[in-house]
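*Asks:* Protein chains in written order, with my numbering: chain A, 1 to 411; chain B, 1 to 411.
Incorrect hints may appear among the rest.
[Unchecked claim] Calculated cross-link-like contacts (lysine-lysine; reagent style BS3-like; alpha-carbon spacing at most 27 Å): (1) K51/B x K54/A; (2) K51/A x K141/B; (3) K51/A x K54/B; (4) K27/B x K51/A; (5) K208/B x K51/A; (6) K317/A x K378/B.
These are calculated hints, taken from the structure and not from any lab test.
Predicted model, so just to flag it, every value in this text is computed and none were measured.
There are 2 protein chains.
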Amino acid sequence: MHAEIITIGDEILIGQIIDTNSAFLGKEFNKAGISIYQITSIQDDKMHILKALKEAEENADIIIITGGLGPTKDDITKHTLCEYFDDTLVEDKTVLANVEDIFSKYNIPLLDVNKQQALVPSKSKVLMNHNGTAPGMWLEKNGKVFVSLPGVPFEMKALITDQVIPKLRTQFKFPYITHKTLLTYGLGESSLAARIEEWQNNLPNFIKLAYLPSLGRVRIRLSGKAADEAMLNAEIQKQVSLVLPLIEDIFVGYEEDESIETIIGKRLTELGQTLAVAESCTGGRIAQAFTANAGASAFFKGSVVTYATASKVKILKVSEDDIKSHSVVSKEVAETMAKNVRVLFNSDYAISTTGNAGPTKGDSEAEIGTVCIAIATKDAIYSEEFNFGKHRERVIGKATNKAFEMLRKEI
Amino acid sequence: MHAEIITIGDEILIGQIIDTNSAFLGKEFNKAGISIYQITSIQDDKMHILKALKEAEENADIIIITGGLGPTKDDITKHTLCEYFDDTLVEDKTVLANVEDIFSKYNIPLLDVNKQQALVPSKSKVLMNHNGTAPGMWLEKNGKVFVSLPGVPFEMKALITDQVIPKLRTQFKFPYITHKTLLTYGLGESSLAARIEEWQNNLPNFIKLAYLPSLGRVRIRLSGKAADEAMLNAEIQKQVSLVLPLIEDIFVGYEEDESIETIIGKRLTELGQTLAVAESCTGGRIAQAFTANAGASAFFKGSVVTYATASKVKILKVSEDDIKSHSVVSKEVAETMAKNVRVLFNSDYAISTTGNAGPTKGDSEAEIGTVCIAIATKDAIYSEEFNFGKHRERVIGKATNKAFEMLRKEI
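Sequences are here, hints too, so could you generate the full structure?
*Replies:* Pasting the structure below:
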């Protein structure tokens, strides 16, 4: 049982937006036991949409189409669907009522072009969009399912979770798919692979292994697919228990759907402990990662981004002498930042970063890429100095990841 | 002249990573005058890769393949390229020297599997990767160009900019492609479309228009393609001057490759003025956006994320009386935050946010989605209250965008 995703919209092809919808769909479909065979991104162009639909129908059993349902002239998906299914558009009264309701709620004048959102192919089943005016449309042909959804991520996501996947489950029986991702820090992809090669060679054929390296860390992912859920889970569990002793020194934790900052947040919340952050070169990235998750207020007290050196002195009481003798990018300064931000916010833990992300040297003579990170607890402070290379974006990313890693080990 | 992008890797199809490479490629190719016909994401699977290569060869003149070049077992792209081009892998001495150099520089043991990175199809021209071990490979067949690149964004980007695009330019003559994006705030897509419909109907056929709605704003993009660069630029300029009077009240600025925070940063730097930020519900998102750009230290003094109410009182001197009488999510509190963070960091401008992002109410009785934003200058303070709905991620995103919009108008 395969699915294909077709995303429609020039904005993806010219790189004006990043296609986050497909990642969401990939994740949700996998959880439901449906493999994604291919993701195809194409233009708002009738002939191209028709071609993509035909190819997808040959490749897959379920075709999810996102985008191209807006009220404006560049959106032609609905008319093209009619051509593909030899159908015509008819007005759906429930959709029209929904459109009218939304416009009256926000007190916006209802235009004719908005009323056209209620036109759907006569052969389609409407999937009501409770978050916007463009409905989802479910069509079938030769036992294959086509679902056309709005491209607005928020609207698409609700339709997938609440309606598309439940409805697919009533029509198809899906195998069980599961992934287990192990997060490691500090060893390169090839050295890691060499270390666990023998174990990898002995994996059963229904479990695949993948390496996902990124800034300073490698994730290894076990993916299994089988009809028997209990057997598959037991086998994955067994394989994890075999590999863990081989990576003990570099293993940080599991990553289900979870990022390391989510794992840290959950752990702190369980422990009833709190965190404060003082950032310089990471510029708010660490705070932002923690507060992106709901429930952050249970453990996250706050942060200070002391970007300018003067603000380190004024707000975090870093001594001017330390800055003179050790430079503003130093373990000493990082430690004072961590110590004092912990006191400032009255938290159990604190983490601080100070560094030169480049491309030019700032208030410090430290080499570009130098970053000092400190962790403070009620009882102790420690810090490390790193060099994360010459590329600003990567320096910020690596420093953020390293800060998470150090904090994770501390808790 | 069309290009197609093929991305290889299960991690995209199962949604474990978001495909940012394609957006970069789309943007850079467009700038160079090359239209992307299609983006196809497929698994690490030999038959599927062969099928995708064949289809891309039919559709496009230039085929860019990213991913699948890592040293570990899940990567099979190189062997599949040999099969497609009826070729064999040979060792490239320059690539081997590069691999050895990287490993000795970082003092990592060089394994046999790493040496295999130096194997390339004998018919390929090597594109040296100065940032990693996997080289780019340039192959040709029936006048069509295939370029295989590593999937690591950082390595891929440098190869595209420094080698692939310059080399394509020596072999092909590309038309001129240009985009002009106008950023509007505060009017819905369909109302905007209705307002400018007559103008849109009169656009010449080599200029396309697209609407890109997102949290609280609509971008309208003019895309032109022609052999004559001067004529195209003049026509785009003319069309912009025709539409501007129609959208005067909602027009914020142009968005070239630039986000609104980049525009603000440049403007402040030109004026020699500075900014400080006090964030509550946006949790560091605003600071992070400003500091993501190089040169931020010229205007960005720093920020405080006062997530906990106590820290608003302690660090930003918000009065407990104000919190009691107006609630912590109030224009009064936002104004004090902005006023005091400006003084704390000694900046010219300050911006503050306080709100309930949900999903549950925090320290305030304010409705979920309520956000107050304040701007402080040396002479004045003003604030506005908004409701951004019930969805945490969208509330944070809309509040951040609105803060940028308010600040942009102020400067």
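*Asks:* Could you work out which earlier hints the structure fails to respect and list their numbers in ascending sequence?
*Replies:* Of the numbered hints given earlier, the structure breaks none, since each of them holds.
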